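Trainee: For the record, the sequence lines run as chains C, H and B. Sequential numbering from 1 applies to the first sequence in my numbering. Sequential numbering from 244 applies to the second sequence in my numbering. Sequential numbering from 636 applies to the third sequence in my numbering.
There could be a bad hint or two in this list.
[Said to hold, decoys possible] Pulled a few chain H residues facing chain B out of the computed Cβ check, cut under 10 Å:
#: 1; residue: Gly319
#: 2; residue: Phe322
#: 3; residue: Ser324
#: 4; residue: Met349
#: 5; residue: Thr383
#: 6; residue: Asp397
#: 7; residue: Tyr500
[To be verified] Here are the computed lysine-lysine pairs in the DSSO-like style, where the Cα-Cα straight-line distance is at most 30 Å:
#: 8; chain 1: B; residue 1: Lys640; chain 2: C; residue 2: Lys169
#: 9; chain 1: C; residue 1: Lys169; chain 2: H; residue 2: Lys380
#: 10; chain 1: B; residue 1: Lys713; chain 2: C; residue 2: Lys216
#: 11; chain 1: C; residue 1: Lys224; chain 2: C; residue 2: Lys205
#: 12; chain 1: C; residue 1: Lys170; chain 2: B; residue 2: Lys669
#: 13; chain 1: B; residue 1: Lys688; chain 2: H; residue 2: Lys380
Keep in mind the hints are simulated off the structure, nothing from the lab. In this text, all values refer to a predicted model and were calculated from it rather than measured experimentally. We treat Cβ as the ideally placed atom computed from N, Cα and C, and that holds for glycine.
The lines below spell out each chain.
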Amino acid sequence: MTMSRRHFLILLPAAAVAWESVLAGTPEQAPNYTMSEHWWGMLIDIPKCIGCGNCVRACQEENDVPDGHFRTWVERYRRSDWHLEEPQVISPDGGKEGFPSVNDDGGDYFFVPKMCNQCADSPCTQVCPVGATFIAPDGVVLVDQSYCLGCAYCVQACPYGCRYIHPTKKVADKCTLCYHRITKGLTTACCEACPTGARQLADLKNPKDPIHEFLKTHSVDVLKPQMATGAKVFYNDLDGSVR
Amino acid sequence: MSGVEGYMYPNEITLYWSVLIVLYPYITGLVAGAFILASLERVFHVEAVKPTYRLALLTALAFLLVAPLPLVLHLGHPFRSPEMYFTPHSTSAMAMFGYVYLWYLMAVLTFEIWLDYRRDIVLFSQSTKGAARLIYKIMTLGSSNIGKRSLHIDERVGWVVTLVGIPSAILLHGYVGFIFGSLKSNPWWSSPLMPVVFIFSAMVSGIAGVMVLYMAVTRLRGKTIDMRCLDSIAMYLFYTFIIDFSLEMLDLVHRIYEANESFRSLNFMVHTRLYFSQIVVQILIGTLVPLVLLFLAQVVKLPVIVRKYFYAISGSLALISVLAMRWNVVIGGQLFSKSFLGYTTYKMALVTREGLLVSIFLTILPLGILWVLVKLLPPWPEEDAPHGAAAD
Amino acid sequence: MSFFKDSGHLFRFAGIFVFLFLAFLVIRVFVVPKSFGEYGHYRGNAIKDMAAKPLHFAGHQACETCHTDVLDVKKTGKHAGVNCEACHGPLAAHAADPSAVVPAKLETASLCVRCHEYSAARPKTFPQVVSAQHSSGMPCETCHNPHNPLQTAGGAK
Chain C
1 MTMSRRHFLI
11 LLPAAAVAWE
21 SVLAGTPEQA
31 PNYTMSEHWW
41 GMLIDIPKCI
51 GCGNCVRACQ
61 EENDVPDGHF
71 RTWVERYRRS
81 DWHLEEPQVI
91 SPDGGKEGFP
101 SVNDDGGDYF
111 FVPKMCNQCA
121 DSPCTQVCPV
131 GATFIAPDGV
141 VLVDQSYCLG
151 CAYCVQACPY
161 GCRYIHPTKK
171 VADKCTLCYH
181 RITKGLTTAC
191 CEACPTGARQ
201 LADLKNPKDP
211 IHEFLKTHSV
221 DVLKPQMATG
231 AKVFYNDLDG
241 SVR
Chain H
244 MSGVEGYMYP
254 NEITLYWSVL
264 IVLYPYITGL
274 VAGAFILASL
284 ERVFHVEAVK
294 PTYRLALLTA
304 LAFLLVAPLP
314 LVLHLGHPFR
324 SPEMYFTPHS
334 TSAMAMFGYV
344 YLWYLMAVLT
354 FEIWLDYRRD
364 IVLFSQSTKG
374 AARLIYKIMT
384 LGSSNIGKRS
394 LHIDERVGWV
404 VTLVGIPSAI
414 LLHGYVGFIF
424 GSLKSNPWWS
434 SPLMPVVFIF
444 SAMVSGIAGV
454 MVLYMAVTRL
464 RGKTIDMRCL
474 DSIAMYLFYT
484 FIIDFSLEML
494 DLVHRIYEAN
504 ESFRSLNFMV
514 HTRLYFSQIV
524 VQILIGTLVP
534 LVLLFLAQVV
544 KLPVIVRKYF
554 YAISGSLALI
564 SVLAMRWNVV
574 IGGQLFSKSF
584 LGYTTYKMAL
594 VTREGLLVSI
604 FLTILPLGIL
614 WVLVKLLPPW
624 PEEDAPHGAA
634 AD
Chain B
636 MSFFKDSGHL
646 FRFAGIFVFL
656 FLAFLVIRVF
666 VVPKSFGEYG
676 HYRGNAIKDM
686 AAKPLHFAGH
696 QACETCHTDV
706 LDVKKTGKHA
716 GVNCEACHGP
726 LAAHAADPSA
736 VVPAKLETAS
746 LCVRCHEYSA
756 ARPKTFPQVV
766 SAQHSSGMPC
776 ETCHNPHNPL
786 QTAGGAK
């Protein structure tokens with residue numbers, strides 16, 4: 001894996017300029033980013049997830065997630081035959097170091113990555129007493145950590161268990177859909193790190209986003225649809241035993 | 244992951260609402276219940292409970308002053324709590340707290356106490372000396388008019404305040420029930436019955452609290468207990484308890500019958516982790532025993548001393564039962580996983596900000612404040628009233 | 636006027652509340668953050684704060700700007716969809732200053748098995764091996780090019 005020195009010296013300044021423009025500015029000031037043009041969600045393709053835990057590790061590194069708490073995690077399900085209501089589920093350390101190997105024992109195994117569902121009708125933003133958590137105009141549910149009281153009402157209100165109170169900052173914390181990345185045209189850390197494309201960032205307002213074609217040709221579901229939260233994380237081939 | 248059985252979502256393993264959040268509804272419940280007992284005399288003219296009227300109001304005030312403390316101590320950033328006053332989120336039941344609390348404290352409770360005691364305050368401001376005289380003088384707000392017409396106006400206004408105070412007390416405690424009951428994420432809490440159950444158990448705790456306090460304080464003062472008053476309070480306690488128990492049983496039977504997806508998990512939790520606090524303490528010892536004792540006192544002609552023991556035992560057990568109920572709701576609601584596949588344990592700390600010692604302190608503090616209030620505003624005017632010429 | 640004489644104390648009591656309420660309104664002007672309410676019931680500047688957080692992963696576009704030779708090898712093989720930092724870890728620091736921050740060489744023997752060690756839990760169509768039988772602990776790059784694993788044997792370089 002070598003590069004010719006000449007090649008390198010030509011590319012270096014170009015790379016530096018490109019990198020600077022990537023790092024530049026706030027959403028409203030950065031070129032090409034207008035909040036109202038986007039409505040963010042994610043697509044998770046269950047048959048593609050191999051349970052490697054790359055996403056959990058990447059999220060932790062990108063967002064300084066404290067140990068023992070998870071902005072995203074992976075669950076491994078084992079459904080035994082028709083027993084949809086009693087799956088065996090594990091998530092060792094959130095799946096951060098992957099999962100122990102198993103041999104074929106007749107059970108139906110699959111992995112389910114989970115994260116904040118960026119609900120359009122989120123119960124968490126509804127219950128915040130001061131307006132510290134909110135849905136931004138581009139569809140991402142965020143927490144204003146300089147305003148949050150740490151009352152944990154939003155943590156109780158989330159049906160999916162995706163929120164936690166940061167152990168040292170003492171405020172609510174959760175997946176931000178890597179807002180600092182997606183507003184610069186990058187993808188989220190978990191999608192970047194996923195080796196199989198099981199996680200794909202989706203901009204629902206962009207007519208050219210591949211999710212629209214995917215939705216036409218696949219059966220998708222959201223977690224706990226009966227909660228009517230307007231969840232925007234869509235799962236392909238979600239089994240009925242998934243809790 | 245110690246203490247976890249089955250599968251919990253990784254972020255669910257720690258409980259975020261601790262014993263302090265158990266205490267808060269207990270304390271506001273005592274406030275609401277004590278106030279409603281006081282209003283029985285004022286608005287519904289139940290003369291028999293008059294001896295406890297002022298004591299009930301002072302009890303309500305003592306507990307109300309302590310009520311925000313468990314909430315503020317529990318917050319990650321207590322000094323940001325004024326944000327609830329400056330930018331309350333209108334869709335959040337919790338945001339209502341600041342305003343409902345202030346309204347109840349100032350426009351209802353303090354106002355009513357001030358109106359009822361104003362004559363005594365003015366007389367004290369004339370008859371005492373030193374620091375006490377200054378305190379009473381401030382409390383008169385500079386007016387020393389205790390003429391007949393002035394006191395009559397106080398009486399009428401006080402009646403209106405009590406009348407407004409009853410729905411205010413219901414709101415003060417009902418919204419706490421709504422905070423839990425309106426969360427669709429938690430099937431142990433989510434129920435339209437929740438605010439109603441909270442209010443009725445609050446009334447049980449408030450009435451029982453005033454009853455026990457009245458017995459204890461009268462004993463300490465070396466006076467005789469007014470049995471007509473006590474029997475009357477015990478009767479109201481009995482009927483309120485019946486309603487409260489019926490509501491809780493309705494919730495239980497409904498859950499068992501409907502057996503929705505959460506039932507198996509919740510049922511297991513009640514039979515294991517909540518067995519002692521719910522079945523033994525809250526229901527058997529805390530509700531059935533007092534109901535039997537109170538029932539006997541209602542239907543059988545019992546000698547005074549027996550009734551006193553029955554009331555003391557029933558009142559104390561009722562107080563424990565309602566505390567257990569708050570525990571079972573708040574802690575119980577966080578012990579099971581929202582995946583319905585697992586359970587965790589609550590590890591209550593001892594010496595931290597949210598620990599057991601602080602909780603014990605916060606339960607005793609209102610009694611200390613009540614002691615100060617009783618000294619400042621004696622509830623029994625017959626012997627302790629200041630002697631002074633009343634301006635006519 | 637005797638009504639006011641006899642109820643004057645009530646007006647004083649009410650007066651306290653009026654005063655406190657007015658004080659509250661004044662304090663509020665100073666205490667509530669200026670950008671509050673810009674987009675909704677929250678501090679508008681919070682959005683800017685979130686967007687300004689630092690990057691740790693550079694994103695494959697940044698890597699591909701310079702490392703075009705690796706891209707040429709990768710894009711025709713089975714790892715075409717595997718982004719650089721999925722294996723190499725977060726390298727925004729390297730992208731910002733390539734000569735100062737040099738990524739460590741990866742140990743393929745422990746890295747590749749994260750995904751490719753056999754487990755019946757993984758999808759059946761996914762390429763997996765029982766590493767003990769497949770390579771007996773030899774580094775994978777002995778036979779596989781990590782950027783294009785099924786390329787004929789020749790090693791990583």
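Trainee: Taking the hints in turn, state whether each one holds.
Mentor: Status of the hints after comparison with the structure:
1. Look at H/Gly319: its Cβ only gets to about 17 Å from chain B, farther than 10 Å, so that hint breaks.
2. The interface hint given for H/Phe322 is violated, since its Cβ lies 12 Å from the closest Cβ of chain B, which is over the 10 Å cut-off.
3. Among the interface hints, the one on H/Ser324 is violated; its C-beta lies about 12 Å from the nearest C-beta in chain B, farther than the 10 Å criterion.
4. Taking 10 Å as the C-beta cut-off, the interface hint given for H/Met349 holds, the closest approach to chain B being about 7 Å.
5. Hint on H/Thr383 holds. Least Cβ distance to chain B is approximately 8 Å, under the 10 Å limit.
6. Hint on H/Asp397 holds. Least Cβ distance to chain B is approximately 8 Å, under the 10 Å limit.
7. Given the 10 Å rule on beta carbons, the hint for H/Tyr500 is violated: about 39 Å separates it from the nearest Cβ of chain B.
8. Distance hint between B/Lys640 and C/Lys169 is unfulfilled; the C-alpha atoms sit about 56 Å from each other, more than 30 Å.
9. Note on C/Lys169 and H/Lys380: the hinted pairing is violated, with a Cα-Cα distance of about 47 Å set against a maximum of 30 Å.
10. Under the criterion of a C-alpha separation no larger than 30 Å, the hint pairing B/Lys713 with C/Lys216 is consistent with the structure, at around 27 Å.
11. For the hint pairing C/Lys224 with C/Lys205, the CA-to-CA distance comes to about 24 Å; that is within 30 Å, so the pair holds.
12. Annotation: proposed proximity of C/Lys170 to B/Lys669 holds, straight-line Cα distance about 24 Å (limit 30 Å).
13. A distance of roughly 58 Å separates the Cα atoms of B/Lys688 and H/Lys380; the hinted pair therefore is violated under the 30 Å criterion.
Checked against the numbered hints given earlier, this structure breaks hints 1, 2, 3, 7, 8, 9 and 13; the rest are met.
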